[in-house]
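Could you build all of it, start to finish, from the sequences and the hints given here?
2 protein chains.
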Amino acid sequence: MNDRFLKACRREPTDATPIWMMRQAGRYMPEYRAIRAKHSMLEICKSPELACEVTLQPLVLGVDAAILFADLLLPLEPMGAPFEFTAGEGPVVHDPIRDPMQVEALRVIQPEEGLGYVLDAIRMIRRELDGKVPLIGFAGAPFTLASYLIEGGKSAHFVRTKRMMYGDPRTWTRLMSKLAEVVRRFLRAQIDAGAQAVQLFDSWIGQLGPDDYREYVLPHVRYILRDIEQTGVPVIHFGTGTSELLGLQREAGGTVLGVDWRTPLDIGWQRIGHDVAVQGNLDPTVLFAPRPVIEHAASRVLELAGGRPGHIFNLGHGILPETPVDAVKGLVDFVHETSAAQREQAKATGA
Amino acid sequence: MNDRFLKACRREPTDATPIWMMRQAGRYMPEYRAIRAKHSMLEICKSPELACEVTLQPLVLGVDAAILFADLLLPLEPMGAPFEFTAGEGPVVHDPIRDPMQVEALRVIQPEEGLGYVLDAIRMIRRELDGKVPLIGFAGAPFTLASYLIEGGKSAHFVRTKRMMYGDPRTWTRLMSKLAEVVRRFLRAQIDAGAQAVQLFDSWIGQLGPDDYREYVLPHVRYILRDIEQTGVPVIHFGTGTSELLGLQREAGGTVLGVDWRTPLDIGWQRIGHDVAVQGNLDPTVLFAPRPVIEHAASRVLELAGGRPGHIFNLGHGILPETPVDAVKGLVDFVHETSAAQREQAKATGA
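Taken in order, these protein sequences are the chains called A and B. Take 1 as the starting number for the first sequence in my numbering and just add one per residue. Take 1001 as the starting number for the second sequence in my numbering and just add one per residue.
If you're looking for bench data, these hints aren't it; they were derived computationally from the structure. Because the structure is a prediction, the values reported are computed rather than measured. For glycine and all other residues, C-beta sits at the position ideal for the given N, C-alpha and C. There could be a bad hint or two in this list.
[As the list claims (entries may be wrong)] Restraint ranges, calculated between C-beta atoms of paired labels, are given here:
| no. | chain 1 | residue 1 | chain 2 | residue 2 | range |
| --- | --- | --- | --- | --- | --- |
| 1 | B | R1222 | A | G116 | 54 to 64 Å |
| 2 | B | R1250 | A | H274 | 27 to 37 Å |
| 3 | A | D266 | B | A1341 | 35 to 45 Å |
| 4 | B | R1300 | A | A156 | 17 to 27 Å |
Below, the structure is given as structure tokens:
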């Protein structure tokens, strides 16, 4: 069993720095595109067999963890806000949530109601993995889910979301509380089904300044993370554009904090404190660069992590669809080899 | 003459904190929409009379400076990369620049060749303003212009831009050098035509981590700003998502550094140093909130500025199209009244 990833979550020493990548099962892999040619995103998510197959595909690249193939928005459908993925435009929520009545009508589901297929996929993946690498489950965080619900899809400025947040804080709190409870239950259920770590994706949280995060978001994230931390299973708390939020995110909770490429890893780790683990933070676009540039940038990440136990190598955000597979494979090998050599050298010099 | 803005650029005491807003001449104003109903964006930019009329419209709101109505991309057309504004999609560059030959073919123009209409507009606006408030000119910074040129329009991940940056640094440097020289000349020409301050918009620079900024961008921005600083006219150096870049942006130059709403103003000002002025930093979406929320957020910005001379109040990015005009007018009055009262109080308490 490769337990580098789980050890790093607990800040225990490892033989090499573990690496996995957000969206490592995705369009950049020909094996994935072959399945997508025959099935929609939601079909793959809803079929445990297909989700399992896709989840396992990137293991050939040598990553130290598998992450469940699913989508952040899956809980919205059983809550009463169905959506679809449109080509090019991303997710579209059919009936965006913009008034108190609509928020009232959202159902605070149990994961077994309408998300059982995710839990089935987790059980199947665990069987198939047979202990080779750990399995990470995940869910979207309340702000990020709320923004999709309110905007009806992706957004540039999050005007409608913030309009509710600032203008109708009662409805906002009600919405965030409902989402937080669904997410908490969903992560618990994923852990019960066999997820050995979970990641909370607050992908768009970097749209908020610290005052707004503290007031409108932090309590809801803390509600989730405090509970999940009780399970003893590591929780990765992730966002992008979070330079100024890292301290508050730490306050909200998490065994591992994600840092994106805009924040140098040493500065990010200082801000969250060295008593938690850190995940990151190569710019995903670096994988389009020539090999020496990738290796230089990856070395820099390892250098800023300082050889301290508790670093999980990852990109700063998901792998982009056109990324060359060879570059991904090359990165995994490079991180393993370079970090292992660093440890040998540190041992030899008695550092 | 209202010289609050120019005094604040020089960090001299003022009777109240000056305020102006990026895109203060824009779609949120009915007077502007009336003109847009009859003319395209580019028609307004290219007609000194229309550009002048639109530039003056927001003065009714009580702002302390006028900013030339124009677009960041205007220099691209005479350089040999024509573009248009498409409804909904924003700017589209007809023939995106992606190889060395195309970069070679770009013309390093003199502003009089093809941008004379901007200079005519500046002269006309200065006459019409008749000293009431100062006029700010502006240009896009090389990275932001390069990203539009290479991507062909707006971009989520800037993959093609960074691919050139990482993969073909010679071509990248050639492109950035050409853009920097055009921008330098353009800002100089705007100053010669009568602009009393200029702003360099590096709107998308927050996509880069500090290492990349230092290597691929800073020298080109410094080239521009060092030259413009020689004129004695204040230069505002602006970007968004710049938490980790502020120190390097300061190094690159500027009389005033822009800070967006993700970085609390006190932290931002510390990072750039109190020996330059600072501009910002209300979240533009706050203007959609009820009045007490706007006033609370604006008070917080003034509080974090600490009453120190050298703060220019602004939004963290441009006014959004649907913003209520009353909210903008209310903000201007509130900032003037509150900051004037703070100064009186400080005087009374001998602080």
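Results for each hint:
Checking the proposed 54 to 64 Å range against R1222 (chain B) and G116 (chain A) shows it holds: the Cβ atoms sit about 58 Å from each other. In this structure the supplied range 27 to 37 Å holds for R1250 (chain B) paired with H274 (chain A), their Cβ-Cβ distance being about 28 Å. For D266 (chain A) and A1341 (chain B), the hinted distance range of 35 to 45 Å is satisfied, since their beta carbons lie about 43 Å from each other. At roughly 24 Å, the beta-carbon separation of R1300 (chain B) and A156 (chain A) lies within the given 17 to 27 Å, and the hint holds.
The structure meets every hint from the earlier list without exception.
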